[in-house]
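*Asks:* Generate coordinates for the entire structure from the input sequences, incorporating the hints supplied.
Protein sequence lines correspond, in order, to chains A and B. Residues in the first sequence are numbered from 1 upward in steps of one, following the working numbering. Residues in the second sequence are numbered from 1001 upward in steps of one, following the working numbering.
Simulated from the structure, these hints should not be mistaken for laboratory data. A hint or two may mislead.
Which bits of chain A does chain B cover? Going by a derived footprint, with three or more residues having C-beta under 8 Å, they are [to be verified]:
1. 259 to 266
2. 271 to 278
3. 281 to 288
4. 307 to 316
5. 355 to 367
Distance condition first, Cα-Cα at most 30 Å in a straight line; then the derived DSSO-like pairs of lysine-lysine [unchecked claim]:
6. B/LYS1299 to A/LYS262
7. A/LYS262 to B/LYS1183
8. B/LYS1179 to A/LYS262
9. A/LYS298 to B/LYS1299
10. A/LYS3 to B/LYS1378
11. A/LYS3 to B/LYS1183
Pairwise CB distance ranges (calculated) [claimed, not checked]:
12. A/ASP336 to B/ASP1349: 51 to 61 Å
13. B/GLY1305 to A/GLU35: 39 to 49 Å
14. A/THR137 to B/LEU1083: 37 to 47 Å
15. A/ARG216 to B/GLU1370: 51 to 61 Å
16. A/ASN218 to B/SER1368: 53 to 63 Å
17. A/GLN356 to B/GLU1370: 23 to 33 Å
18. A/GLN356 to B/LEU1330: 25 to 35 Å
19. B/GLU1370 to A/ASP10: 50 to 60 Å
20. B/LEU1330 to A/GLU337: 32 to 42 Å
Backbone N, C-alpha and C fix where the C-beta goes; we use that ideal spot for every residue, glycine too.
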Amino acid sequence: MPKLMLDDPDGTLVMLSDSVTGFAGRFPGAKAMRERRGRGGTMDPLIWSAMAEAGWIGLLLPQECGGAGLGLREQTVLSEALGRALIAEPTGAASVFAATLVGGASPGAERSRLAAGMTSGEIIAVPAWTSGAKPMTARSVNGSILLSGEMRFVDAARAATDFLVVARSADGVILLSVAADAPGLAISERAGVDGGALATISFSDCAVPADRVLSRANRCEDLLRRAILHTRLALAAELTGVASKALELTIAYTSDRVQFGKPIASFQAIQHRLVDMWIEADFAAAAVVNAVDALQAKDDDAAELAVLAAKARAGEAAFSICRRAVHLHGAMGYTDECDIGLYLKRAINLNAMLGQPEQLRLEFVERESGYGRGRT
Amino acid sequence: MAPDWNEVPDEEFRSVFRTWVDQNCPAHLRYMRKQRPLFNEVAEWYHALAAKGWLAPTWPRQYGGMGLSAAKHMIYVEEWGRLGCPRIPDHGIGLVGPLLIQYGTEEQKAHYLPCILSGEHVWCQGYSEPNAGSDLASLRTSAELDGDVFVVNGQKIWTTLAHCANWIFVLVRTERDAKVRQKGITVLLLDLTSPGVRVRPIENLRGETDFCEVFFDNVRVPLKNLVGKIHEGWTVAKSVLGHERIFLGAPTRPEYALERLRRLAEARGAFEDPAFLSRFARLRLDLYDLGSAFERYAKVLRAGGELGADVSALKIFTTELYQRITEEMLTVAGEEARFADDLGAGDVDIDAMNLFLDSRAPAIFGGSNEIQRNILAKAVLQLPG
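*Replies:* This is the structure:
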């Protein structure tokens, strides 16, 4: 099956990927997804702390604040393996996005507290940065910061210990951490397609100590750019993993399923569909590798384009491969007991996060050539 | 002997090659509309390359080639395309040379290789027949041994540039009763000026004659023109494309077509239309990602590895993308798509119809895309037969 072809001179990447396979033996992904759905979408703290123990949470945190000092190559391989194993935890939001925000924050006690807690698993820091009906504002009153507004599409809100919130202040935008049990903060959840839950968080004069401010900038984009970039890459890798595993299961199923006296995978109509799915998965893996290479080459413009392309390609591939995978499982594919539907739902969720392919492609051509400027 | 280019760093080789080609490839031959010019139309460029010793990039240096590694060869091909140099009749260089170097006798190598370099022999490839296309092993052109001469009867078709060639390497059936159809096939080198050979050019959808039918009526071919062993030509025939299979999947054609589409769309104001923008963005990203996928295979070659059957993915994707881009050109052309000739777009003419028609071919030749999918199903996905 298509795999990420990254240079791995000392075998670190293979070890990382193997460790996920071992982990999935203890915490099978499909089982965990069904159990989480049964709990109304709340994540299992045992799984998250085991992931932290494995060293996977906050992998991108710099060493100076207690992180593993590992890079995007490792995160990419890890995310791909998590996707394959269907370990459907909020890695993109609560590890990659959060670690990039915290890692990029000004050095200080709060940054150190968050970094140490994330790495040990005691802190689950979840970013809340997509504005809802009411924009987020921050005003300083008596040495505290009062937050008001609404944030949407927040993952794992019930399990979070802290939210990483972006708000507009009098002189720009700030990023700050807010304790999940702070007064004036209300969580309202809706079921997510893959059994998780997505929250809208309302802040109503929610008071936060001023020393919780992590970063300041003139524009929101300056605060979030790198976190979005890294998370899109990690999501692209995870989607690639979901896609290639769904394809593998479909090849196994159609090679096993006998009709008219033959395995249905021996029919050319089925074979050509499987081949087209394989090509899509192969291209997704190549796009992810290209994005890793571009990010390491330190050319910002090229890296932005490469990541947009990778997320678009991997999202489209995973969604379309999983749709066809369900179809090729026949009526079994339409049942809840067959795992292939879980891959489809996971693909839909990750594909829709941080930009669907259409939006990402339009952003790509606008960035590259200025076409449709102002439209996206 | 020529220098060992593989000792030269990639970028230096690129620059040396590029500079010389740019100075020596005649301007009137750049960016030719014709995909497959005849030998006479590009002879001066052919001879210039030969005189420089740069005509045969992959042949070993002892045979007058450059001895380039797969990685260096890719640079050669890239720069060639980037400078708009015309395709030369290259069956001798690309197919017959490697075939003889691997399977030919010393006598054959000594005789034929220099004739290819001098342009004295212009080769074509006799594989397909009217009833043996994708199913090549069903070929029926026969050769019967009469003393030390093969007598060849039958017909080949889709023989590219046979009308400007004077030699053909031809697959013939020498045994009819074999149980395995791939057995009993033999490769012969055949002089097209022999009595009993007739070549009929075929006009294609673009109004050009790239390929021909070739008829053989009791054509006598000396036994010494046999390549490899009699009845065992299938392996020989299949071996002619090694790492060069990657070029069937090179992004060159869709790259050129997308640039033409961009110019046409700008001239027609199509980028103001959000529906077009969305379709364009998809094509642009398909091309970009094709570049990433191509790089994945190129890396294998640069590391000295060999390509697997999975490289067929590139051929399928690139040829189908080429088609989708040229189809979009006709959409942007609107009612002007009724015209046969080029479309004005500011200071350039865009050959939309020419490209659209041209894009029908690559999905068929070099193993149709359906055959490529069969190969992937079997060799890569290992699906049951």
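*Asks:* Each of the hints needs a verdict: does it hold here or not?
*Replies:* Evaluation of the provided hints:
Coverage of a stretch by a chain is defined here by at least three residues with a beta carbon nearer than 8 Å to that chain's beta carbons; for the region 259 to 266 of chain A and chain B the count is 4, and the condition holds. Chain B is given as covering the region 271 to 278 of chain A, and this holds because 6 residues of the stretch bring a CB closer than 8 Å to a CB of that chain, at least three being needed. By the rule of at least three residues with a Cβ nearer than 8 Å to a Cβ of chain B, the coverage given for the region 281 to 288 of chain A holds, with 5 such residues. Judged by the Cβ-Cβ criterion of 8 Å, the region 307 to 316 of chain A is covered by chain B as claimed, because 3 of its residues qualify and three suffice.
A count of 5 residues in the region 355 to 367 of chain A with a Cβ less than 8 Å from any Cβ of chain B is obtained; the coverage claim is therefore met, three being the minimum. Restraint check for B/LYS1299 and A/LYS262: the C-alpha separation of about 39 Å exceeds 30 Å, so the hint is violated. In summary, the hint linking A/LYS262 to B/LYS1183 is supported, as the alpha carbons are separated by about 29 Å, within the 30 Å threshold. For the proposed pair B/LYS1179 and A/LYS262, the alpha carbon gap of about 25 Å is at most 30 Å, so the pair holds.
A threshold of 30 Å between alpha carbons decides the hint, and for A/LYS298 with B/LYS1299 the separation of about 20 Å falls inside it, so the pair holds. Of the pairs offered as hints, the one joining A/LYS3 and B/LYS1378 holds, with about 19 Å between alpha carbons and a cut-off of 30 Å not exceeded. Between A/LYS3 and B/LYS1183 the alpha-carbon distance is near 37 Å, which puts this suggested pair outside the 30 Å criterion. Roughly 59 Å separates the CB atoms of A/ASP336 and B/ASP1349, a value that falls within the hinted 51 to 61 Å.
Range check, B/GLY1305 to A/GLU35: about 44 Å between beta-carbon atoms, so the 39 to 49 Å window is met. Checked against the hint of 37 to 47 Å, the C-beta distance between A/THR137 and B/LEU1083 comes to roughly 58 Å, which is inconsistent with it. Distance hint check for A/ARG216 and B/GLU1370: the Cβ-Cβ separation is about 59 Å, which falls inside the suggested range of 51 to 61 Å. In this structure the supplied range 53 to 63 Å holds for A/ASN218 paired with B/SER1368, their Cβ-Cβ distance being about 57 Å.
Taking 23 to 33 Å as the suggested C-beta distance range, the pair A/GLN356 and B/GLU1370 conforms, at roughly 32 Å. For the pair A/GLN356 and B/LEU1330, the supplied restraint of 25 to 35 Å holds, since their beta-carbon distance comes to about 28 Å. Taken as a hint, the range 50 to 60 Å is violated for the pair B/GLU1370 and A/ASP10, whose Cβ atoms sit roughly 43 Å apart. B/LEU1330 and A/GLU337 have their C-beta atoms about 48 Å apart, which leaves the hinted 32 to 42 Å range violated.
The structure is inconsistent with the numbered hints 6, 11, 14, 19 and 20, although it conforms to all the rest.
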